[in-house]
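Trainee: Chains as they are written, first to last, in my numbering: chain A, 1 to 415; chain B, 416 to 1257.
No lab work stands behind these hints: they were computed from the structure. Watch out, some of these pointers could steer you wrong.
In silico BS3-like pairs for lysine-lysine, Cα to Cα no more than 27 Å straight-line [what the hints assert, rightly or not]:
1. K191(A) to K841(B)
2. K841(B) to K184(A)
3. K74(A) to K498(B)
4. K498(B) to K360(A)
5. K487(B) to K191(A)
Covered by chain A, according to a simulated footprint, are these stretches of chain B (three or more residues, beta-carbon under 8 Å) [said to hold, decoys possible]:
6. 426-436
7. 610-623
Listed below are several chain A residues computed to face chain B (Cβ distance under 8 Å; list not exhaustive) [claimed, not checked]:
8. P224
9. E340
10. W354
11. G384
In this text, a Cβ means the ideal position worked out from N, Cα and C, and glycines have one as well.
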Amino acid sequence: MEDKAISHFFKQDGAHTLAFYLNQNGYEQAKKALKELTPEDLLNQVKAANLRGRGGAGFPAGVKWGFVPQGGDKPKYLCVNADEGEPGTFKDRYIMTYAPHRLLEGIIISCFCVGINTAYIYIRGEYENVAQRLETAIDEARAQGFLGKNILDSGFDLEVYVHRGAGAYICGEETALLESLEGKRGNPRLKPPFPASIGLFQCPTVINNVETIANIPLILHHGPEWFCNQGLPKDGGTRLFGVSGPVKKPGVYELPVGASLKDLIFTHAGGMQDGKTLKAVIPGGMSAPILKPDEIDITLDGDSLMEAKSMLGSGAVIVIDEDASMLEVLRIVAEFYSHESCGQCTPCRVGNPWIRKTVKRMAEGKGRRGDIENIRRVANNILGKTLCPLGDAAALPILALTEKFKEELETSLSD
Amino acid sequence: MKIIIDGKTIEIEGKKTVLEAARENGISIPSLCDHPRLIPFSGCRLCLVQVKGSRRYLPACSTECGEGLEVKTRTPQLVRLRKQILELILSEHPNACLICTEKVNCDDHKSTIRKVGEVTGCVLCPNNGRCQLQDIVTEIGLESVGHPSVYRELEVRRSDPFFDRNYNLCILCGRCVRICREVRGLSTLTFIQRGPNTVVGTAMDESLLRAGCQFCGACVDVCPTGALTEKSMKYEGLPEQTDQTICTLCSLGCLMDVHTRGNRILYSQPAANGPVNDGQACVKGRFFLKEVVHNPKRITRPMVRENQEWVEKGWEETLAFVARKLKTFKSGEMALVESSQASCEEGFVLRSLAGGILKTGNLIRPHVQAPVSVYQRMMDRAGIQPGLNYDAAAIDGAETIVVLGTDIAATQPIIWLQVLDAVKYKRAELIVIASPEFSFSRYAGTWLRHFPGSETPVLTGISKLILEREEEGRAGRAAGRAALAADLEGWSLKDVEKDTGLTLEAIHKLTEKLSSPGPVAYLFGAETASRPDGEAVLTALWNLSLQTEGRLIPLGMESNERGLMELDRDGDGKWTALEEIQQTIKDRKIKALYAAGPIKLPLKAKPQFLVVQTPYWDEMAEAADVVLPTVSSAEEDGTFVNTGGRIQRCTPVLEPLGDTRPGWWILNQLSRKLKSQVTEYKRTSDIWKEIRKEVDALSGVTAAFLKEGGDLFVKESPAGEPAYIPPGQPGKPPRPTKQRPFLWLNLANLDSYRGLVFSREDKGFRLFRDESRALLHPEDASTLELKVGDEVILESAAGNFSCRVRLDDRVAPGSVVTALAPFRFADNRASHVLTVKLKRGS
Ligand SMILES: Cc1cc2nc3c(=O)[nH]c(=O)nc-3n(C[C@H](O)[C@H](O)[C@H](O)COP(=O)(O)O)c2cc1C
Ligand code: SF4
Ligand code: SF4
Ligand code: SF4
Ligand code: SF4
Ligand code: FES
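Bound-form chain A, shown alone (with noise of 0.2 Å):
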């Protein structure tokens, strides 16, 4: 079979090795970007790839790499996003635990391409094991001359480091992710300046997540138009989606961007365990509002879940049942972002824990008239009203999930 997706590797024994992955052919396409191509041949190809970031906001790769000046006396860096820190989220995990080197040489060519000569794989620290295992994968590349000085007789250096998250969610988002590499509390910062102006330690920075960066040998291998025809004009490729719930075959599974997401809940992924009913889906991460079963039929790209006022995010689909209260699955989302907070802002560091005080009130019984208005008026408190990110992230999902399933959670209420 000839290597023509992400999950080309998944599960197969030893493919995680150097031997292996040179094979298949691996680091070819390093090879030819070094010796073969210019940086803004290699832009336009990006560019022309219309690849859309992995990790949550689905921002154009070709263009977020634009932003980065050329020359300039500061070093650049690329900073890899595996902090897979979006509850539901595990995708990364695979692409790192089967195809590291896929990974490395997706680093390679992204630098060589914006000029970087240092890049960090942050990955989150319950993530030993596949750190060690990209630890070993470059300690490979390296003594086989792909990475370290004067790469492939190029004249291009780089170095690749990896670096373990000490369990903050926070630290996913991309200003939180430069702060903590550089040492210090994962606050996010002020944007702008954006990182690709002034990122890690001052420098211009390049923020992507695994699966996009993974995909960058692809798009070079097989060509731009191909990777574009693969997914939507605007929106190439495939997609990770990792599916989990009580479906009969949970896991990881690689569509076209654009497929449909009734048919990876009931096709890929074998539909409901025996007697469960579909109740809901989280279609992109937690942080994705919730659809209901009649919301489902739709195609799973950035633009067709914004418009059912949801979105794709990490990929990760989250399947509930009838079975499944939705006051606990609110008590979930409003538990997780009050933790997570940075504690920087105020919305977000005193309305989500407020929020979260009143769903346990209400999940010990004692919830009263007037508590889901209040929790909806301060989750409009925190929504656009944030430092970063995080805020809309916990109010988008508790918004639909207050008004989706109003009646439900009402029937929690005393009086």
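Keeping the supplied structure of chain A fixed, place chain B with the ligands upon it in accordance with the hints.
Mentor: Chain B with the ligands only, in chain A's frame:
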């Protein structure tokens, strides 16, 4: 550039945030986390505004103005939003009083209920009435809080000196965290925990003392709530009056806002408009000014000893008595002592008394050992007047800043902030040449740890290397390069490693840095200049500065050493050394001593007639025949010149306490009793009429300046071509011996005022900076079996000194570092490097 705020077109210049633009144009946008000195943070979200073209609300404090920007600040949505955000803030802050409908009436009845530990409402809060959070609540007009409020029940931190931290009142605006990091360069405070548990604290939740706090009080001053409050303000009400004067506790002279009630200082804060301090101060000005003024040791009435008993007397009678007694001595039998913390006016009248009336040359002037004096004398001899004046620009413009041997963050904290600003935000390179590691050394690009006392060979080594590199272009600036080369001909680098403890490679590297283009500022203090070998070090430094586009910047010690130096500048350059006078007193050749400044004499050497003019009761006063009480710092009416030559007015913010008088008044009245033709001075301007005539350098001090102040510097005209000064043979630096196996470095101690030693007066100060402590490397301490707090005796050629051990791995092994208070050494030099033996005390 034009922008539109609430329909009003506003013209603005330069880079500005919407909040700044609004403020300047009288449009108020509520804000809590913003502060003019701080980088925008945008955490409180109170200043959210609507900007045309933006879907989101934007914080005015971090949104930059752009041409044509259209901003709305008070739409109904915004008004509602602000209330709701404020409600969220107040749900974690004691809010009963803030929204209480009776709050206006309450103001009249709450005078005594503040004396409780827990603050559950404004009436119990030390910040009541001067609180920005209260102002914001009023401005936004909040009347209720829609959420149940929580009291966070955090333990109030009271174990540190000077101020307490009650985070139950904290609204997490982060101003304290940011001022400490951004302006003071310390990061003592930080946010800890996250989400709802977020609090401000220190690393590992240590005390401030252990977390490296310098107790500058900057965090207290920027805190918009009562979370950080000065201990002594806990049970105080509001000040009645605020006046500005300069702090005279060091040689810089920060402008302070002094808040008073009745004739009492409640607290002092650095003035935002301070020309030298730009809104900052140090622990002394911030927390100790009032201790200096309202000190239990203050003497408030003239006193005369009669039959071994002290008798309080009036001024007239006392001064007449002193005059009568003084007339009984011959000129040569009398001596006078001055203080470098006295005003120019006092110094001038004292000089007239000594020279013109008592006709004695025996005037002890401590300023002769001040770095600026040593430097000036040395240059004078070489026939060069390099220009001594400097201000912040001298540091701001430097690309390389060398700090030689002084703990500048402790001795000249505000000048350090200027250095920090250049290093942190303008990419200047900091080079530290010092044996101990100082708190600020972490900002150094290069730190040379040489053996204490080996500055001359270090600097000469660099000079020599530069000569060897034949950097004609740069070295050609000054005359006499060939002579310098010839002078250093015989001086070889072969011993330099052995003498200084540095590798040649390190010296080479530094040479490289110093010879790269760009102005270099060399900052030195008493640690080098006031040492017995001070002139040799300064000569080497001067020569190096000529080779490297450099400029020497002397750091000062006491508030008016420069002013008093200027008074003496046209004199014959001779002075009586302290040791000499002490000897003559012992020999009974001096029979009468008028001490208008601190001095220490062995009690048995007390002269026949001793007059002590001082604000404080101390050992000398105890031994005196007459004690004349003077005003202290903030009651002072006089003119002071800071080390950089800036002339500043100290205007009294209080009436003199009790029956105290300014020094110049006392001396003038006494002079008139001794000689009736002497003019009577009613006010300081009367004295200036004469100083102006006699001292050209200070002739800029006009009547208008005395009244209104202004930017005024000592008049100077740099003269003489900068030329190398023959260095002579550098002597061998001290090295440990068998008998005295340690090297002892005593750093300058500036923590005293007119003999009052702060760490002896105040437990808080002692905890922070104790003059009696000796810092030892932990390994040395363990070899000597000494523990923290043990008494250790430093046995040296200068005598034996008792100190308390403190362990610090930042001092070099094999060395001891102290900063003893003035007069611990007989010669009262600020700094020494000596070999010592360490012995356990009893
Ligand atoms: C609270 C928060 C958490 C985030 N966590 C992650 C994460 O774990 N992994 C990730 O790739 N992106 C995460 N993001 C998105 C990043 O900020 C950023 O947009 C992304 O890494 C950019 O990469 P991409 O353009 O390749 O998607 C998070 C964003 C927010 C606001
Ligand atoms: S929204 Fe939450 S996580 Fe983001 S800066 Fe504000 S407090 Fe921190
Ligand atoms: S900090 Fe201000 S608002 Fe809070 S209790 Fe004290 S005076 Fe009142
Ligand atoms: S007093 Fe000064 S050094 Fe100490 S925490 Fe406050 S700002 Fe920092
Ligand atoms: S202690 Fe004061 S300055 Fe510091 S965060 Fe709290 S309220 Fe703000
Ligand atoms: S003042 Fe702008 S957010 Fe606090």
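Trainee: Given the hinted pair K841(B) and K184(A), is their alpha-carbon gap at most 27 Å?
Mentor: holds, 22 Å
Trainee: Regarding the hint that G384(A) lies at the interface with chain B, is the smallest CB-CB distance below 8 Å?
Mentor: Constraint on G384(A) satisfied, holds at 5 Å.
Trainee: For the pair supplied as a hint, K74(A) and K498(B), confirm whether the alpha-carbon distance does not exceed 27 Å.
Mentor: violated, 44 Å
Trainee: Hey, does the W354(A) contact hint survive, CB to chain B under 8 Å?
Mentor: holds, 6 Å
Trainee: If you draw a straight line from the CA of K191(A) to the CA of K841(B), is it 27 Å or shorter?
Mentor: holds, 22 Å
Trainee: Holds or violated: K487(B) with K191(A), Cα cutoff 27 Å?
Mentor: holds, 21 Å
Trainee: Quick check: do three or more residues in the stretch 610-623 of chain B have a beta carbon closer than 8 Å to a beta carbon of chain A?
Mentor: holds (count 4)
Trainee: Using the nearest Cβ pair, does P224(A) come within less than 8 Å of chain B?
Mentor: Violated: closest Cβ of chain B sits about 31 Å from P224(A), beyond 8 Å.
Trainee: Holds or violated: is there a CB of chain B closer than 8 Å to the CB of E340(A)?
Mentor: holds, 7 Å
Trainee: Need the status of pair K498(B), K360(A): alpha-carbon distance at most 27 Å?
Mentor: holds, 25 Å
Trainee: With a cut-off of 8 Å between beta carbons, are at least three residues of the stretch 426-436 of chain B near chain A?
Mentor: Our answer is that it is violated, as 0 residues pass the Cβ test (under 8 Å) against chain A, missing three.
Of the hints listed earlier, those the structure fails to meet are numbers 3, 6 and 8, in rising order.
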